[in-house]
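Asker: Below, each chain spelled out in residue letters.
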Amino acid sequence: MASHKITSRTPGVFYHRPSPDADPYVTTGASVAEGDTVGLVEVMKTFHEVKADAAGTVSAFLVENEDEVTIGQDLVELET
Amino acid sequence: MTIDSVLVANRGEIALRVVRACRELGIRSVAVYSDADAEAAHVRLADDAVHLGKSAASKSYLNVDAVLEAALSAGVDAIHPGYGFLSERPAFAAAVEEAGLAFVGPPSSVIATMGDKAAARAVARSADVPVVPGSDEVSAVEDAVAAAEEIGFPVLVKASAGGGGRGIRPAASADELRTVVVEAQREASSAFGSDAVYLERALQGPKHVEVQVLADTHGTVVHCFERECSLQRRRQKILEEAPAPGLDPSVRSSLCDAAVRLAREVGYVGAGTVEFLVDGEEFFFIEMNTRIQVEHPVTEWITGLDLVAEQLRIAGGAPLSVAQDEIVCRGASIEFRVNAEDPDQDFLPSPGSMDGLELPGGPGVRVDTALMTGDVVPPFYDSLVAKLSVWAPTRAEALARGRRALAEYRVEGLPTTIGLHRRLLDEPAVVDGSYDITTLESWLSGATD
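Top to bottom, those sequences are chains A and B. In terms of the working numbering, the first sequence has 64 at position 64, counting the first letter as 1, and numbering is strictly consecutive. Each number in the working numbering comes from the position in the second sequence (counting from 1) with 1000 added on.
It should be emphasised that the hints constitute simulated quantities derived from the structure, not laboratory data. Treat each hint with caution, since some may be false.
A few chain B residues that face chain A, going by a derived Cβ cut-off under 10 Å, partial list only [unchecked claim]:
| id | residue |
| --- | --- |
| 1 | A1036 |
| 2 | K1059 |
| 3 | N1339 |
| 4 | D1355 |
| 5 | G1356 |
| 6 | R1366 |
Here are the simulated BS3-like pairs of lysine-lysine, each with C-alpha atoms no more than 30 Å apart in a straight line [to be verified]:
| id | chain 1 | residue 1 | chain 2 | residue 2 |
| --- | --- | --- | --- | --- |
| 7 | B | K1054 | A | K5 |
| 8 | A | K45 | B | K1237 |
| 9 | A | K45 | B | K1117 |
| 10 | B | K1059 | B | K1117 |
| 11 | A | K5 | B | K1237 |
| 12 | A | K5 | A | K45 |
| 13 | B | K1059 | A | K5 |
| 14 | B | K1117 | B | K1237 |
| 15 | A | K45 | B | K1054 |
| 16 | B | K1117 | A | K5 |
| 17 | A | K51 | A | K5 |
| 18 | B | K1059 | B | K1237 |
| 19 | A | K51 | B | K1117 |
Just so it is clear, CB atoms sit at the ideal spot from N, CA and C, and this is done for glycine as well.
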């Protein structure tokens, strides 16, 4: 099993869920297809979905909900 | 009460604007800041500063408890909220009042009333200020047709539970409306969980014109003329000017009187802005912003007033420094919003480092910014990095001065909207002042086609 890390395309704040009261996009152990949304990054009051760029099983979140992230930072780890 | 010290509950250029007004009035200013803003200009230039929390706005500038705690620990008399963040949250203003501090703005109850669309329309009606003609909620199709015939076609069918431009459908005739109402109800039901819809007259290319008002605690309300703010993209203003070009003098006078009546009706205190859509000789109230406005410099240019100083005096219980007949409109002013956005990439917000900066200067030029060479534009907040405003005796001269100042302006390290403004000042509809709220978006879609 190989591992793959999904990175952030912009700096900002990372969210696990589409809105504060909603369920998370994905949880550890979930399988995702390429193109599935796994999180959200807020940059300057605009929201950008983070898409899986590979298929696999979510093995770890590398940043907490509402953590600050930089461009290129690893966000989610997948077992592919 | 006299105000001796103020907590400036904001960041960026508006926080610096308030710090500067405090300094000139001999008031001690206390800045607040997040992790990302520890070295920011509004912190450097204030008398004192209090750390709020992490960089995300929810952990700092939007954290009511942290802001109140900062105010109490700094021992200030008042809190100035700036614009955005907590400025129009009635619960925040109420908490400031309960803490025994002065809120630089209207009473929390007024913020609540004007922040509620239906309540604000009701205030406008009782002040005899026109609102966009519309219906109550309609359910039966023939009731909708009857309502539309009274309002006048074309109409917009709007979902009661919609917002931000969602759930709106146009109908130009009774036949079209019969189909559209049914579709709109079905769509509203699935999108918003309620099939309630109402009708509103569809205005054809109106102008967005707003009136600046000032009201003190002694019952005096004045207007400071209007601003033309129709150049908008996705409801975000990009360029504003005063006075509104081409506005009929009698319409201007009615508009300013209406704004004063509305402020008086709701018991307004402080600086506020009453927004209207103007359609030929008709105008309609849309909303009131119960705070200082981003584009307040153009009003300061044409009137010579210091609106932030007036806010602070009003909050201290002083009467307005000017009477209505002393407020005179002189010359013309234009403001250009410089945003850290890339117009070539659909205005993608572009935080980063201000590696190089050459600001315009000379006669009639003002730059409001808190970013100096080497400063970082953080990704956590609004993309506005500076406001360039110019003044000249005539509008033609103000346009020439704007072109000259924009040509001098250099920013390295970040894409900005400066180039967009240079191109806009060559657009015939901008040059002759005939633009309306549809102009910028249709120009942008044409420019990229």
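Asker: Are the hints correct? Go through all of them and say.
Answerer: Hints and how they fare:
1. A1036: 8 Å, holds
2. K1059: Constraint on K1059 (chain B) satisfied, holds at 8 Å.
3. N1339: 9 Å, holds
4. D1355: 16 Å, violated
5. G1356: Not OK, violated: G1356 (chain B) not within 10 Å of chain A, min 20 Å.
6. R1366: Violated, because the Cβ-Cβ distance from R1366 (chain B) to chain A comes to roughly 24 Å (cut-off 10 Å).
7. B:K1054 x A:K5: Holds: K1054 (chain B) and K5 (chain A) sit about 26 Å apart, inside 30 Å.
8. A:K45 x B:K1237: 15 Å, holds
9. A:K45 x B:K1117: 23 Å, holds
10. B:K1059 x B:K1117: 29 Å, holds
11. A:K5 x B:K1237: Not OK: K5 (chain A) and K1237 (chain B) at ~39 Å, beyond 30 Å, violated.
12. A:K5 x A:K45: 25 Å, holds
13. B:K1059 x A:K5: Distance of about 27 Å is within 30 Å: holds.
14. B:K1117 x B:K1237: At roughly 20 Å apart (the allowed maximum being 30 Å), K1237 (chain B) and K1117 (chain B) satisfy the hint.
15. A:K45 x B:K1054: 16 Å, holds
16. B:K1117 x A:K5: Since the Cα atoms of K1117 (chain B) and K5 (chain A) sit roughly 46 Å apart, the hinted pair is violated (cutoff 30 Å).
17. A:K51 x A:K5: 11 Å, holds
18. B:K1059 x B:K1237: 27 Å, holds
19. A:K51 x B:K1117: 37 Å, violated
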